[in-house]
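The lines below spell out each chain.
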Amino acid sequence: MRTSLRMGRCRGEIGFLNHLTMKSYHLDHLDYLETEAIHIMREVASEFERPAILFSGGKDSICLLRLAEKAFRPSDIPMPFLNVATGHEFPELLEFRDRRAKELGAKLIVRTVDEALEKGTAVQAAGQISRNQLQIPVLLGAIEEYRFDCCIGGARRDEEKARAKERFFSFRDSFGQWDPKNQRPEIWNLYNGRLNPGENMRVFPLSNWTEMDVWEYIKREKLEVPSIYFSHKRRCVRRGGQWVPDTELMPVKSNEEVKDLIVRVRTIGDIISTGCVESPASNCDDIIAEIAAARVTERGSRADDRVSEAAMEDRKKAGYF
Amino acid sequence: MSSLYSHPVDLLRFNTCGSVDDGKSTLIGRLLYDSKSLMEDQIEALERSADITGGGQINLANLTDGLRAEREQGITIDVAYRYFATPHRKFIIADTPGHVQYTRNMVTGASSANLSIILIDARQGVIEQSRRHAIIASLLRIPHLVVAINKMDLVDWSEERFLEIKTQFEEFLPRLDIKDVKFIPVSALNGDNIVTASAHTPWYPGPTLLGHLETVHIASDSNLSNFRFPVQWVNRPNNPTDQTLHDFRGLSGQIAGGIVKIGQKVTVLPSGFSSTVKQIWTLDGPLEEAFSPQSVTLVLDHDLDISRGDVIVDAEDLPGASSDLHAKICWMNPRPLTTGKQYLLKHTTQTVKAAVTAIEHKINISTLEKENGITELAMNDIGEIRLKTAKPLIYDGYATNRLTGSFILIEEGTNVTVAAGMLLPPTEIARPEYRDFAI
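The listed protein sequences correspond, in order, to chains A and B.
Residue 121 in this note's numbering sits at position 121 of the first sequence, with consecutive numbering throughout.
Residue 317 in this note's numbering sits at position 317 of the second sequence, with consecutive numbering throughout.
Derived from the structure by calculation, the hints contain no laboratory data.
Predicted, not measured: the structure shown is a model, and the values here were computed from it.
No false leads were slipped in.
For the chain A half of the interface with chain B, some residues (derived, Cβ under 10 Å), not all of them: (1) Asp-31; (2) Ser-75; (3) Asp-76; (4) Asp-213.
Cβ atoms here follow ideal geometry from the backbone N, Cα and C, with glycine treated the same way.
Same shape as in the complex, but just chain A (with noise of 0.2 Å):
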């Protein structure tokens, strides 16, 4: 929804006399998206005291904070970002996460799992070298420290099955927990904020949103993303399957193979797990055309000409028993 001329965009096959006479008043699928998610951030912002956004400088939430400028602006937004850094970020993650939040004049907060293991909030299990795990004692650890009511958070329904059961609004007793047994039902665009003390609120706007609908933000929006989203050369090691960064916090085995490749990120995470798919895809559209041809590897010839490493990665890992 940007000027007067985006609307009518969205024609079928009988709009498009319409439009020849008529303005048609009809949504495409992105602003649909866009102000369903608007919505959400206002009723947040007017249903609790303090809310906080969850930042982390991946994609997902590049999409909130730009949704965060549409729901608030002018006015600055109205509430704090907060990264839970699990210490074994990208680099470039973390330059683009304070840059980001600098930019649009934002309270950034970052609770460390290092600072958390020091303090002995957080333990790690012997053997357990991944932190995505001890990232939740920190999330709920800062939650306490700062009385947050609600954390607006960039999840989508479409990343795994369970997820998939979430409401936009997810309520958290006092231990952080969810109950998929016992939620809120959430009828028509009517949320249901209400907390007891102690009690908190997981909010997530992006919950219709696919990778696809994403990628299609970020590219009309102009967004800009963390540079190892697209094709760079990375020395990757195989592990579990996958290639992963070559990164000192965990050195390179004799029996291991290392490579070097023309890779980008997926998803981001753990710097030590976050696998790289090998991909010459340098922009936004090459990322549309490889997330496209991923689903439809089998629609015939015309798709498979387009069918990428990504698309070749995602079949290895599924093969791998």
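Chain A is fixed; fit chain B onto it per the hints.
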């Protein structure tokens, strides 16, 4: 737009109703599988599980039944959302279970749907559950209905059987508020008429299920007639350095109905102040006009005292206003509704105290008959009630506008959502006290 589409695409939201045995999960699995919406790893996972448990055949239902409890019990316990796209449209599926006890899930899944798919087992024909689903779809005013008559392979693709079921269903249609109904003979298991036309149904001239979903006309589904703008958030930058921002007083919200234009005369309710629209502000630049369901920020000609919960409407087209409400509700809590109890009522952007003053009757959702002399509504019951609110609601009947005509009830203390409500048409129109008075 992306290079994937040569033209803009829109979004269709639909829900599927049916019980485990109707093959609902298989139908969704088939739609995803045949429209090539599955990733390779999902397909391979399916094939693997088929080898172990399915006797070699892929169990498409495994795609949708996500939680462990569901797999163990072979049921769908809650609303699950699925996403897929074709070159023509993007789709959001709300997959809702068909058990008697899960009416509330269907209401949840269907409340924002453009279209509802009802599955009927061709061997069984129209059963009580099919009628119940159609009645709920009608109560929720879902604009489009598809009756997918499934397992046609098990009745030898009999046109006679198809027409017989169609007639059974059409017999009670006149009592429902559904304008657009489509009947499609399918076999979800084998993929007939789901994505590709079946060779077994030369007698059926219509589209496949996906063909219909891709082309059904939804552009006129939202209310574009009556301008309604519930104020969600007052946008006041209060910027001390930038003078233009210092004086900016915007009213942010999502347009719940109609179209708004620059220069349009509007009334703010419940106060009744009049003004005109000076600016329609968005981050992407000002608009000349905006329509439902766009999210915008309005700037009015006068600096009025407006806050969240107020409603800005077309000055020539006022909604209803009353604190005595008449509504149909679906009760969603294990503790039954009884008269006299107080709840919080959330309607558009405001939450007010409300007391249930009377239960008029319960609606038998298998026959649409009214059951009088009812003292309580149990979980999954639908009934008509009277409510008294602490302050008047500015509203429309649900039949006119799904957004300004709906509400939820919240129980104080537990904070759980206990009911979904649909308001009957107002008997009193908002009567602003200060209609011609502007500051």
